[in-house]
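Chain order of the listed sequences is A and B. Residue numbers for the first sequence follow our numbering, so the first one is 1 and each next one is one higher. Residue numbers for the second sequence follow our numbering, so the first one is 342 and each next one is one higher.
Hints in this document: simulated from the structure, not taken from any laboratory. All of these numbers come straight from a predicted model, not from anything done at the bench. Take these hints with a grain of salt, some might be off.
[As the list claims (entries may be wrong)] List time: in silico DSS-like cross-link candidates among lysine-lysine, alpha-carbon distance up to 25 Å:
1) B:K367 - A:K314
2) A:K305 - B:K367
3) A:K314 - B:K420
[Unchecked claim] Covered stretches of chain B, going by a simulated chain A footprint (3 or more residues, C-beta under 8 Å):
4) 371 to 384
5) 390 to 400
6) 493 to 506
Glycine included, every Cβ here is placed at the ideal spot set by N, Cα and C.
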Amino acid sequence: MTTDDSAGLASVHAVLPVAAPPTPAVAAERLVEAAFGLAAIVTEIVVGALSGNSGPTSSPGRRSGSVGPALDVALGAAWVTTRTSGRVVGAFVGAATPLVGLALDPPLIPHALRPIGAVRWLSQEWRDQRPHSIRALHRFTTLAAPDAAATAVDLLPVALIVDRVLHELDLDRIVVSALDNIDLDTVGVEVLSRVDLEPIVDAAVAQLDIEEIVGAVIGQLDLTSIVIDQVDLKLVVTRAMEELDLTTLVKQQVDLIELADYVVDGIDLQEIIRESTGSIATTAVQSVRIQSVEADEMVNRVIDKFLLRRRSRKTETGAAHEPSSHDGTADHETADEAGAS
Amino acid sequence: MTFEPLADADLPDRVALQNSVDQVPKGAREFQGHRAGIVSRVLANSVDFLVMLIALLGGYIGWFAIDFILQARTFKPPKPTLAIAMVSGFFFLFWYFTIAWATAGRTLGNVVLGLRVVNYRGNRVRWILSALRAAFCLAFLPGLFWVIVSKSNRSVQDVVLRTSVIYDWTVKTSTTASPGAPNSR
Numbered sequence: 001m002t003t004d005d006s007a008g009l010a011s012v013h014a015v016l017p018v019a020a021p022p023t024p025a026v027a028a029e030r031l032v033e034a035a036f037g038l039a040a041i042v043t044e045i046v047v048g049a050l051s052g053n054s055g056p057t058s059s060p061g062r063r064s065g066s067v068g069p070a071l072d073v074a075l076g077a078a079w080v081t082t083r084t085s086g087r088v089v090g091a092f093v094g095a096a097t098p099l100v101g102l103a104l105d106p107p108l109i110p111h112a113l114r115p116i117g118a119v120r121w122l123s124q125e126w127r128d129q130r131p132h133s134i135r136a137l138h139r140f141t142t143l144a145a146p147d148a149a150a151t152a153v154d155l156l157p158v159a160l161i162v163d164r165v166l167h168e169l170d171l172d173r174i175v176v177s178a179l180d181n182i183d184l185d186t187v188g189v190e191v192l193s194r195v196d197l198e199p200i201v202d203a204a205v206a207q208l209d210i211e212e213i214v215g216a217v218i219g220q221l222d223l224t225s226i227v228i229d230q231v232d233l234k235l236v237v238t239r240a241m242e243e244l245d246l247t248t249l250v251k252q253q254v255d256l257i258e259l260a261d262y263v264v265d266g267i268d269l270q271e272i273i274r275e276s277t278g279s280i281a282t283t284a285v286q287s288v289r290i291q292s293v294e295a296d297e298m299v300n301r302v303i304d305k306f307l308l309r310r311r312s313r314k315t316e317t318g319a320a321h322e323p324s325s326h327d328g329t330a331d332h333e334t335a336d337e338a339g340a341s
Numbered sequence: 342m343t344f345e346p347l348a349d350a351d352l353p354d355r356v357a358l359q360n361s362v363d364q365v366p367k368g369a370r371e372f373q374g375h376r377a378g379i380v381s382r383v384l385a386n387s388v389d390f391l392v393m394l395i396a397l398l399g400g401y402i403g404w405f406a407i408d409f410i411l412q413a414r415t416f417k418p419p420k421p422t423l424a425i426a427m428v429s430g431f432f433f434l435f436w437y438f439t440i441a442w443a444t445a446g447r448t449l450g451n452v453v454l455g456l457r458v459v460n461y462r463g464n465r466v467r468w469i470l471s472a473l474r475a476a477f478c479l480a481f482l483p484g485l486f487w488v489i490v491s492k493s494n495r496s497v498q499d500v501v502l503r504t505s506v507i508y509d510w511t512v513k514t515s516t517t518a519s520p521g522a523p524n525s526r
């Protein structure tokens with residue numbers, strides 16, 4: 001016996017356990033009932049198939065039991081007859097059992113000559129033979145199973161049967177139960193150890209639009225919040241600052257002169273310089289000047305109002321104010337030239 | 342972070358930078374180049390009058406000292422008459438105005454009040470015009486008050502001599518009036 005044979009035999013014993021047998025009468029009654037049930041179902045299937053009433057959704061075990069009055073009558077007569085016969089036989093057996101027991105194990109006869117010894121010998125012989133017979137059956141079914149399965153697949157509407165089975169099963173409960181009983185970690189590790197992931201990943205990557213997928217994922221994520229919550233920004237910035245030579249980087253990438261010009265254009269640098277360099281005396285003089293200018297304006301308004309002037313005074317001389325950009329010498333020359341002309 | 346000092350060629354011209362700084366406060370820029378009103382001009386003349394008094398006092402002290410040195414034994418403090426004082430004052434102011442307007446375009450009073458005297462082109466007045474304007478101002482002091490009623494803030498002297506007294510807070514020696522500026526009449 002090989003190791004595979006032992007394993008197969010063990011499985012057969014598991015499927016067909018040797019249990020304590022019921023009494024012969026009870027066993028016979030159950031057997032007869034089962035036979036009638038089988039006969040009824042087979043008969044109904046056959047009659048249904050012949051009459052064309054069978055459909056993919058019909059279930060023999062759930063039939064109403066009425067495929068035709070004649071068949072019902074015939075099955076009823078057979079059942080009554082068999083049941084009656086069984087009870088008669090049962091009564092006979094019940095009455096004959098003590099006699100048979102006495103005949104098999106009669107007193108006053110040496111044990112070696114009693115018939116019960118032959119019965120026990122026969123029983124023991126079967127017990128010894130049973131494993132061999134089971135093993136032979138297993139071997140036979142193993143050899144015949146492929147052809148039988150192929151034939152069955154050819155003859156039977158397998159897809160219909162599978163569909164029917166799946167329809168009847170509570171797959172959710174089965175899957176949940178299976179998951180409860182499976183160590184997914186072990187299974188996952190085992191699968192990963194056996195599968196060459198690289199070609200699978202390559203094929204998946206080749207068929208997928210990674211950019212689109214990543215874009216869709218990023219579009220649904222609030223990356224800002226995730227980064228703020230999950231990333232130590234201070235540490236990242238610190239590391240980056242440590243690794244970067246900002247001075248060189250800025251000098252290479254930034255036009256500092258242009259940047260300085262931009263900043264100077266954006267602020268009133270002249271005002272800042274003038275205010276920062278002005279002395280107290282200068283401030284006092286400017287205050288006097290401002291007040292005198294305001295007094296001039298006030299006097300002009302009062303007088304113009306008194307004289308009923310509608311238009312304000314024309315005090316512009318065309319010497320529009322511009323920031324000084326000339327030195328005194330140049331202005332002198334300009335003035336002299338203008339005066340000479 | 343440290344930066345290497347920039348080369349001199351990369352630095353802007355410091356003198357040019359200083360000259361480019363506008364010396365006029367932002368609030369006063371809108372008045373620059375406009376003719377001044379009566380208050381500013383009277384205050385400027387008041388300062389100039391004070392200068393004249395100080396000059397006369399200085400002259401008197403000098404006269405006093407020289408007389409004391411030359412006539413120590415018979416020294417008596419000089420007692421100038423009012424006429425002498427007035428003539429001296431007018432004489433001083435004439436030259437004071439003439440020189441100041443023809444050179445800097447402004448007297449000390451003009452400097453304090455931020456004023457400048459310019460001709461009809463907005464430029465510094467020449468010597469002759471400056472002397473004429475000084476004489477006219479001293480000869481007809483009430484002419485200044487025509488500024489009060491003038492529609493263009495001009496005194497009688499300004500109208501006659503085609504000059505103007507403008508606000509100019511810059512410290513340069515001439516105005517920045519562009520050539521061909523409109524006639525100030």
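When the hints from earlier in the document are held up against this structure, which numbers fail?
2, 3, 5
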